[in-house]
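Protein chains: 2
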Amino acid sequence: MLTYSFDDRGTEALYEYLYRQIKDDISNNKLKPKEKLPSKRALAKHLDISTITVENAYSQLMAEGYIYSVPRSGFYVSDISADDYKFSDTSQYKPRTYKKDAKDNNNQETILDSPKYFMDFVNNNTAPDNFPFTRWAKLIRETMAEERDNLMIKSPSLGVYQLRCAIVNYLYQFRGMDVEPEQVVVGAGTEYLYGLIIQLLGHESKYAVEDPGYQKIARIYKANKVKCVHIPLDNEGINIDALEESAADVVHITPSHHFPTGIVTPISRRHELLTWALKSEKRYIIEDDYDSEFRLLGKPIPALQSIDMSNKVIYINTFSKSLTSTIRISYMVLPKPLIERYNKELSFYACTVSNFEQYTLAKFLERGYLEIHINRMRNYYRKTRDILLENIMKRKDDKKINIMEEDAGLHFLLQVDTKISDKQLVMRAAENGINVSCLSQYYYDRSNIKDHILVINYSGVDTEYIEEGVDRLFEVF
Amino acid sequence: MLTYSFDDRGTEALYEYLYRQIKDDISNNKLKPKEKLPSKRALAKHLDISTITVENAYSQLMAEGYIYSVPRSGFYVSDISADDYKFSDTSQYKPRTYKKDAKDNNNQETILDSPKYFMDFVNNNTAPDNFPFTRWAKLIRETMAEERDNLMIKSPSLGVYQLRCAIVNYLYQFRGMDVEPEQVVVGAGTEYLYGLIIQLLGHESKYAVEDPGYQKIARIYKANKVKCVHIPLDNEGINIDALEESAADVVHITPSHHFPTGIVTPISRRHELLTWALKSEKRYIIEDDYDSEFRLLGKPIPALQSIDMSNKVIYINTFSKSLTSTIRISYMVLPKPLIERYNKELSFYACTVSNFEQYTLAKFLERGYLEIHINRMRNYYRKTRDILLENIMKRKDDKKINIMEEDAGLHFLLQVDTKISDKQLVMRAAENGINVSCLSQYYYDRSNIKDHILVINYSGVDTEYIEEGVDRLFEVF
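Each protein sequence line maps, in turn, to chains W and B. Numbering-wise, the working numbering puts 65 at position 65 of the first sequence, and it's gapless, one number per residue. Numbering-wise, the working numbering puts 171 at position 171 of the second sequence, and it's gapless, one number per residue.
Everything labelled a hint here was simulated from the structure, so no lab data went into it.
Pairs of lysine to any residue, SDA-like flavour, derived with a Cα cap of 20 Å:
| hint | chain 1 | residue 1 | chain 2 | residue 2 |
| --- | --- | --- | --- | --- |
| 1 | W | Lys154 | B | Phe118 |
| 2 | W | Lys222 | B | Leu196 |
| 3 | W | Lys279 | W | Glu244 |
| 4 | B | Lys154 | W | Tyr214 |
| 5 | B | Lys227 | W | Leu201 |
Pairwise CB distance ranges, derived in the manner of DEER restraints:
| hint | chain 1 | residue 1 | chain 2 | residue 2 | range |
| --- | --- | --- | --- | --- | --- |
| 6 | B | Lys419 | W | Arg367 | 55 to 63 Å |
| 7 | W | Asn379 | B | Ser27 | 23 to 31 Å |
| 8 | B | Lys282 | W | Asn379 | 49 to 57 Å |
| 9 | B | Lys32 | W | Arg341 | 41 to 49 Å |
| 10 | W | Glu340 | B | Ile420 | 30 to 38 Å |
| 11 | B | Phe174 | W | Lys344 | 35 to 43 Å |
| 12 | W | Arg341 | B | Ile449 | 29 to 37 Å |
| 13 | W | Glu340 | B | Ser27 | 35 to 43 Å |
| 14 | B | Lys282 | W | Glu467 | 51 to 59 Å |
| 15 | W | Ser73 | B | Glu340 | 27 to 35 Å |
| 16 | W | Glu345 | B | Ile449 | 24 to 32 Å |
On a predicted model such as this, the values are computed, not experimentally measured, just so you know. Cβ atoms here follow ideal geometry from the backbone N, Cα and C, with glycine treated the same way.
Construct the complete structure from the given sequences, taking the supplied hints into account.
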């Protein structure tokens, strides 16, 4: 049977490594066309890995045409020796392999990107029933009928003015922020906006991120080859002394609701942060306000931007959480001196969001649909959380558990009493069909790690399956 | 005046203590709605604390809605007897000034970004009649009805698989390129993709651009703080000796149709370029194929990518020209070793294009609608060009003129005999309502400049007004 050593795998995912090994063997003709592959279960047993891992590897090989499946028989190696294709002779254009049923293909690749779990406490795809399809479809129709001319006019670099006005009104009503449309920059996702911020504040600046924190942020700074330091948190958010010592110029924080600890930075620390920023002209604070809409208890925390009188805060937010992450629209609010710099140095960039979606979203905001949608979703998430907590509390007698930060919205922390390591915990949960992450995974400085605290993101969880999901999760401990 | 003792403050910060005292007085109705608060300076003096402390306290009270400010008057106590600052209570928010008629707003800012001309030979907004609104609207409807589940699933970093397949098929049929969907990266505009390329090939690499050339490309390299050199062209495209001398690692070229000179790089120079690239592992060629679809005479020039056997060419293209620039969808095809690097180092980035538009475009391509649309537009552009040339040729007797590169598509060069400088020429044309640019504006090295050559981009020109447009233009010389 196929035998692969996983010793050289490095940080690659198991299924990805396995997929590459098999693909290489097919390319090198070690595995011959029409040769039968072992069943998923048999290969899993043989290699001492989970069946899901093999399934993911096979799915990817299928998607790419390296293997094919015969129902009720198994998987076979494709014949990839077909002729090379030569340029300009159109007679030999073979029909492409990329005309399979689109749905199938996409599902297969989706599996590669995120393996299919019974319950997913990490990713937050929006359930189709939770996206306002009817209203959105209606507004797209309206936009295409009424805005024909505007749709063809190049958007200003900052974004369509109508959308920026709608965003400003929204921020005023829901975040108490008094800003002007001329300060708003619309972009295709916060990750893109981080890149713009680096170009705006300078590649020579040193950027500080939260530790623990959302790891992608540091990856983006590093991919852009700017200096990036990880600053530890205390109970009130980012530690000011450590920040000061780090000699960072720019600090990237989530004061309204830190991910994943849930810490809300109190007003005192906010003022300390603003004071820190005032000490040098180069210093700035990036306030990442990614899910402030979903605080489930009490009044929303005012944005740090709204108490900044010194033009030191760049406010950044997204419609990924409030609408869906698959429409790529985010925005930032720049202090006036920075927007001047943007207009001078970066406004040659075309706006990255399609006019069609900018106008549609503008209408969605203008008519108050987002407010209605968010209220509906808050109720939905509260219900999901309550059912989840109820099911977890049922096990309180068997297991020592502790629930933290359950009101901040969209995720909470679950401390469990177990002897197995966090790594094993996550792996065993995956084998049980549960995707879950541990707080420890979000730390850069491994010496500060607290073990056995699960991060339970419930935004993508279907209430119907919660009972079984919790069962499967608790089997792990 | 407000008097507070700071004796009981404990370890609390001054401003925080002050903020709490005032807040309590407002809550207890000791301070009445609409009552005026002392000025920051007066209160500071009175309490013997710094103005900044009072400012911080007031800011926080403002942010939380306890007080409000009246410009040029001062701070007043809010009426909080109604509801607290509640998420869903919009009644107490004053209407923003940003609710003017949306169309007006947009026009205002559009005018700001690009003044309205009688005829525009520089920008290329798509005329609304030239966008396939009916088909696009139909496909959006279909997408929203049929792809509900897929629309909510996060797109792979490279883009939705279905769209990448459609692009690969399109490239195969129309550019003779044999690539795989796994090599395609979809992104929100070529400018965004340039940024990804820099992250992929390295910030320490030196990037070469064409001189003359499309100036934005150099601006993007410079905004990303990478070394960028300008290499002169000869009659066959970028000069290889100059490129070699420059010690550049990466060269960014438009071999199919250089903008603005219209030069098509012949096969011999293409092979020289590939040979240049082979000399070092770090060397790469970025082939920017931005308008190859619109060559009006003869068969399309094969892509450089299609004759590259050494994984040295990054192919980049966009739907801006073939569909509309206001839908932000571009893509690049990476050589396999680079796509591996992308998957390892950059696939943490979310795709920047909305799923809604990715699926819609995939269907548009799959059904051959783009081909139909391009054929229609080629006819339309040919007609526009012919009317334009006819109107220009009428003046041949009065003025010495020379037309060049009229078959490459979407723009040609018009050499005129005049005494005024290019700068004056552009200015006077603008005064006559004509937006036009000169070849000289696209040069970095001013010593190579050829004067009095106009770049006539006719993709956004309305045939009905051509006669008057040409009249207005010729009045300038």
